[in-house]
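Got chain A sorted already, so can you dock chain B onto it with the hints?
Chain residues, written in single-letter form:
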Amino acid sequence: MTETLTETATPSLTDPRVLRGIELTWREADLLDRKEYEAWNALYAEDGLYVIPIDPTTTDFDNTLNMVYDDARMRGMRVTRMTEGHAIAAVDSATTARTVSRFVPVEVSDAEVVLRASQVLVAYKRGRHDLWAGDVEYRIRLGATPAEDLIALKVVRLVDSEAAVPAAGFLL
Amino acid sequence: MTIEITASNVYDLAPADLVQGDRVAGRMYTDPEIFEQEMTRIFEHTWIWVAHESELPKPGSFKSTYVGRQPVIVSRDRKGAIHTLVNRCRHRGASLCEKRTGEANGFTCPYHAWSYSLDGKLRGIPYPEGYEGVIDKSELSLKRLRTESYGGMVFATLDEDIEPLEEFLGDVKLWIDRFMKQGGGYPIKVLGTHQFTFGGNWKIQLENTTDGYHFPIVHRSWMASVDAETADMMSFMTDPEATTHDLGNGHSVAQMVPEHSDLDADDGTEKLQDRFDDLIDDLRAANLSDSAIRKVILAMHGTGFNLNLFPNVSMSAAFFRVLRPISVDKTVIEHVAIGPDGPDEVVGPVNRARLRVHEHFQGPFGFGTPDDAEGWDRVQRGAQGAPEMPILVNRGTAREKPSPEGWPTSHVTDETGMRAAYAQWKQMMSDD
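If you read the protein sequences in the order shown, they are chains A and B.
The opening position of the first sequence corresponds to residue 1 in the numbering used here, with each subsequent residue numbered one higher.
The opening position of the second sequence corresponds to residue 173 in the numbering used here, with each subsequent residue numbered one higher.
The shape of chain A in the complex, shown without the other chains:
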């Protein structure tokens, strides 16, 4: 082969900044399965957004109807709802186990890592297993140390976002 392999702009999974991003997404997934919502919310930047759109192709969340479109204010109220004990769906919520994998680094800089991944979540409640599958986009703002890394954007695009899904007492 005479062709020389050139350095592409595609970031590598082994880039330490990418690994920091992946580590944060796994920490988040663990907190959500354990329903540690206050610690979960602390992973988000103050201007961070947590979105579950209905239209899988949209990026204009402002002008479309979403399942979740949370800024810091809504996330704070959501954490209260999930933890204060008045929401009967949250009090008796399904037990969840989720896997986030098939990471694709999209953009990497010293300031920010953008990742795509897939998430498969099984929710069990009262004899029923529900499957929640989808693509997830993460925009992670890198801090001075890994402990200061924050989620600036998380978008969960469900494979069945435009169909009827169960009403949920947990978060994706």
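These aren't lab readings, by the way, just hints derived from the structure by calculation.
There are no misleading hints in this set.
Only pairs whose alpha carbons sit at most 30 Å apart, straight line, appear in this in silico DSBU-like list of lysine-lysine:
#	chain 1	residue 1	chain 2	residue 2
1	B	Lys-361	B	Lys-345
2	A	Lys-125	A	Lys-35
3	A	Lys-125	B	Lys-502
4	A	Lys-35	B	Lys-502
Derived DEER-like restraints, expressed as beta-carbon distance ranges:
#	chain 1	residue 1	chain 2	residue 2	range
5	A	Gly-85	B	Tyr-283	52 to 60 Å
6	A	Val-120	B	Gln-192	44 to 52 Å
7	B	Ser-267	A	Arg-102	29 to 37 Å
8	B	Asp-439	A	Arg-116	50 to 58 Å
9	A	Glu-46	B	Ala-457	20 to 28 Å
10	A	Glu-46	B	Glu-205	52 to 60 Å
11	B	Gly-232	A	Pro-16	47 to 55 Å
Think of the CB as a built atom: it goes at the ideal place given N, C-alpha and C, for glycine as much as any other residue.
Okay, now just chain B, sitting in the frame of chain A:
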């Protein structure tokens, strides 16, 4: 004659005998045979809501949905007429359209490419020589349902013989007119649709949109998350003006916020909610007059009532709730967000705010819907026990009186609307 329902006769009684005015048997939620009868006796013999006209904005627009369990396409033809067509090729039965909404010149079956026009006429058959002397294309149009509209609400029926839609709606029409005033001077359009399933019978949801009683209990979490003004607006539990009317034919209206029942009846004394201050600034910047702004802002939470139409749609405050029975213990619900349709500099900021209000309560991750769904799931599970034991819908029977219009009326937390729906159910399910 009322038959006493007991453990030994509950499975022998005809379905109509299970509705006894102020109580219904739990078997109504759990018996698959009753469900099968409902799908034909009710869903194939009354007007079923299929679309809002804004979902079919131009010639060629279509939407696929269901009438009971039958898949249908609602389409707008080149002349602007709306049709409801059974989504089933006349050849071998394949579904023609699996897209939820879109635009098309017609519908072509993917199996053998029989093609149909927007009004359902069979236009083309590939390799037609095999059908020479066999079929007449004019006799093989898609099965078309009667389709009629009122106030932008499109209904269809499989029954050629029932009364016209407007007769079926009767006094409901006045309330549809009021509901549509939430455009604040603009027509209403659909902004988006949440869909979710719950593991329960469709009638549990039919009851719920006329159930003011559950609101502060099931929705305590939502109430705690909204501003004080909104929470106060929804504090109707002891407000004597908050009433439910039985409008006939199974329909009812529950007025939670009676001062917003007629949004045009504004005397100017109500303070606009602080939460909309930024929106008001946007509308001023768009050169909207103060009176026009006031009209739009007062309508941000929709109208002050839930208008419950038997059997499948509710015009609920600021959205449409649509139910679709799947099986005796599974139902799909749609929460259709609506808002004004007008120039973008005005309706853009209004509808962005309306979408956020809708997301806050509705949908599979809203602060309201999942708690409702948990309650309904519990009803389905609990009703498996003691099927002869009545489900009580008797709240307020002692204080139910006719309104000046002659509508049976009680407090909004009472179960007048459920009794109205079950009376219609009983009539449609009886053999007489």
